[in-house]
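Just so you know, the protein sequences line up as chains A and B, in that order.
Numbering of the first sequence is given in UniProt numbering, commencing with residue 1 and proceeding in unit increments.
Numbering of the second sequence is given in UniProt numbering, commencing with residue 1 and proceeding in unit increments.
No lab work stands behind these hints, which were simulated from the structure alone.
Watch out, some of these pointers could steer you wrong.
As the list claims (entries may be wrong) - Here are some, though not all, of the chain A residues that point toward chain B, as calculated from beta-carbon distances under 8 Å:
no.	residue
1	P71
2	T103
3	E104
4	N115
5	S116
6	T117
7	T236
8	K240
9	L246
10	F252
To be verified - Now the in silico label distances, taken between C-beta atoms and shown as ranges:
no.	chain 1	residue 1	chain 2	residue 2	range
11	A	S268	B	V254	44 to 50 Å
12	A	E178	B	K107	33 to 39 Å
13	B	T146	A	L222	28 to 34 Å
14	B	E29	A	S43	46 to 52 Å
15	B	K105	A	E99	28 to 34 Å
16	B	L54	A	Q189	55 to 61 Å
Said to hold, decoys possible - Covered stretches of chain B, as calculated for chain A (at least 3 residues, CB under 8 Å):
no.	stretch
17	107-121
18	220-227
19	230-237
From the three backbone atoms N, C-alpha and C, an ideal C-beta is built for every residue, glycine too.
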Amino acid sequence: MTDIIYSEAEKTYILHGIQENYREDGRGCEDYRHMEIETGVVSNTTGSARVRLANTDLLVGIKAELGSPSPDNPNCGCIEFFVDCSANATPQFEGRGGEELATEISNVLTRAYSNSTSLDLKSLCIIPKQQCWILYIDVLFLECGGNLFDAASVGVKAALFNTKIPNVTVNQDEDDMEIELSDDPFDVQRIDIKSAPCIVTLSKIGHHHVVDASQKEEACCLARLMMGVTADSTITALKKEGWGSLNPESIFEMMESGKNVGKVLNASLLSLLEDEEKGSKRKTVGFLK
Amino acid sequence: MPVDSKRICGPEITKNPYNFLINGNEKGELIINGKRRDGRKPDQARPLFLRPGLISQAKGSAYIEQNHTKVICAVYGPREVIRKEDFSMKGQITCEFKFATFSCKKKRGHQQDSEEKDYSVQLLEALEPAVQLDKFPKSQVNLYLTVLQNDGSALAASITCASLALAHAGIEMFDLVVGSSVRIHGNEILVDPCEEEEFHSNTNIGVDEGGVVLGLMPSINQISALTSKGELNFDTTSQAVKTCIQNCQKVYPVLQNCLVNSLKEKD
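All chains, please: the whole structure from these sequences, using the hints.
Below, the structure is given as structure tokens:
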């Protein structure tokens with residue numbers, strides 16, 4: 001994460017607060033900060049979303065392109081994650097500075113989605129062994145305010161919900177296959193995100209753990225556990241991160257709260273996205289915030 | 001990814017012949033009559049062979065063998081940090097994990113691919129909590145791991161191997177880190193999976209199919225690494241973590257013994 005140096009006194013203040021289930025911004029230990037989600041913000045993409053979680057700001061754009069499926073998996077399309085930590089977010093990301101963090105985020109996302117149930121990759125196949133849709137999911141960080149992993153996963157899920165892949169028809173004449181793309185903007189294929197996971201990061205601070213750590217809290221945290229959690233509260237990925245270690249009991253406690261928090265997060269995200277789809281009265285914000 | 005044309009003289013893209021196997025993706029049951037395909041019981045790990053100190057010019061080194069999984073690790077340092085901007089009052093560890101190009105069923109590249117980079121980070125995070133970094137300020141320790149032959153559980157074997165090499169190099173640590181991996185297959189938990197038992201996202205379909213890798217520091221009872229793949233229920237995951245912990249504790253005396261013996265041989 002982006003490093004900020006805090007004094008010992010400040011760290012102790014945060015730590016003592018968490019012991020009392022009261023964090024520096026008034027939240028409890030299992031509360032998320034205010035989150036804003038808007039989908040369909042970039043017109044040239046197949047699907048896009050913008051997420052603002054307190055000061056963390058990111059944009060997810062999905063591009064669907066035609067390609068040939070991997071030989072290991074000839075009947076499925078594929079998804080590719082790419083994370084860009086732009087230097088807009090913090091000067092530390094300049095040049096190759098953000099690369100390490102970016103690979104880490106994209107690896108966790110890849111792992112969380114690398115199981116057969118999260119996304120129906122078979123529906124992305126056009127002609128087995130020959131043509132399939134490849135979804136390039138790109139996450140661009142505009143501002144860093146802590147908890148980048150969770151925000152990125154929420155953004156990815158929202159953007160996948162927003163994705164509209166044009167329908168294709170395959171005409172077969174003799175040996176030649178021809179692909180025709182529909183130009184009707186409503187003749188599209190949607191992606192089912194009911195069982196797509198969200199990442200919940202649990203940061204261990206002192207003897208307690210918190211979800212959605214702010215940048216300050218991340219500076220106090222030695223070890224965190226990241227979990228990919230689906231709406232059915234199954235776990236699709238686990239990863240311990242940071243240079244501290246955890247004892248087994250606290251890992252089980254963290255998994256338990258991660259499961260509960262993840263379930264609520266998934267449910268509220270889905271209801272919000274469905275509301276937006278129906279055409280809510282909320283006015284669009286775009287990037288003006 | 002640009003291809004290194006100076007080193008690779010062959011065509012840029014080649015295909016793995018195993019993709020053309022008839023019924024290649026249809027694999028049989030993992031467990032038949034309570035036994036795994038190689039005759040092991042579900043909770044039985046493979047025999048373990050460890051030897052520290054086989055790379056004579058490195059500060060420390062170790063070799064691990066679990067049947068056909070063979071990993072070698074070398075430790076260099078502590079030495080000066082080359083780049084000035086990396087200055088830190090704490091010691092630093094770097095870790096480079098590489099599958100030898102011929103080690104797996106599919107051919108590996110000469111350069112680290114994303115999986116290998118991911119493993120490097122996981123190894124680093126598994127080992128950092130164990131090393132007393134404040135004992136060598138302003139300097140770094142370099143770890144290099146090469147998988148010579150991969151028959152599953154390569155990451156777990158690498159964690160064990162790397163901590164043994166660190167101890168052999170005389171780097172001060174809080175404890176050894178023991179790696180362990182399991183494969184979850186429905187209700188069954190298979191300890192120390194081999195290659196054909198490992199979880200692959202494209203062929204193993206459904207809930208409760210996956211794998212867990214864990215690194216434990218047994219004498220201080222701390223988990224330094226934990227990763228999972230595949231979609232798992234909460235209870236199965238905790239059961240798998242417990243199985244891994246038990247398994248690490250079983251292996252721990254073997255590591256200690258091996259280090260003591262290597263010191264005795266020196267005298």
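How the hints compare with the structure:
no. : hint                        : result
1   : P71                         : 4 Å, holds
2   : T103                        : 6 Å, holds
3   : E104                        : 6 Å, holds
4   : N115                        : 4 Å, holds
5   : S116                        : 4 Å, holds
6   : T117                        : 5 Å, holds
7   : T236                        : 5 Å, holds
8   : K240                        : 4 Å, holds
9   : L246                        : 5 Å, holds
10  : F252                        : 6 Å, holds
11  : A/S268 x B/V254: 44 to 50 Å : 49 Å, holds
12  : A/E178 x B/K107: 33 to 39 Å : 35 Å, holds
13  : B/T146 x A/L222: 28 to 34 Å : 30 Å, holds
14  : B/E29 x A/S43: 46 to 52 Å   : 51 Å, holds
15  : B/K105 x A/E99: 28 to 34 Å  : 30 Å, holds
16  : B/L54 x A/Q189: 55 to 61 Å  : 56 Å, holds
17  : 107-121                     : holds (count 4)
18  : 220-227                     : holds (count 7)
19  : 230-237                     : holds (count 6)
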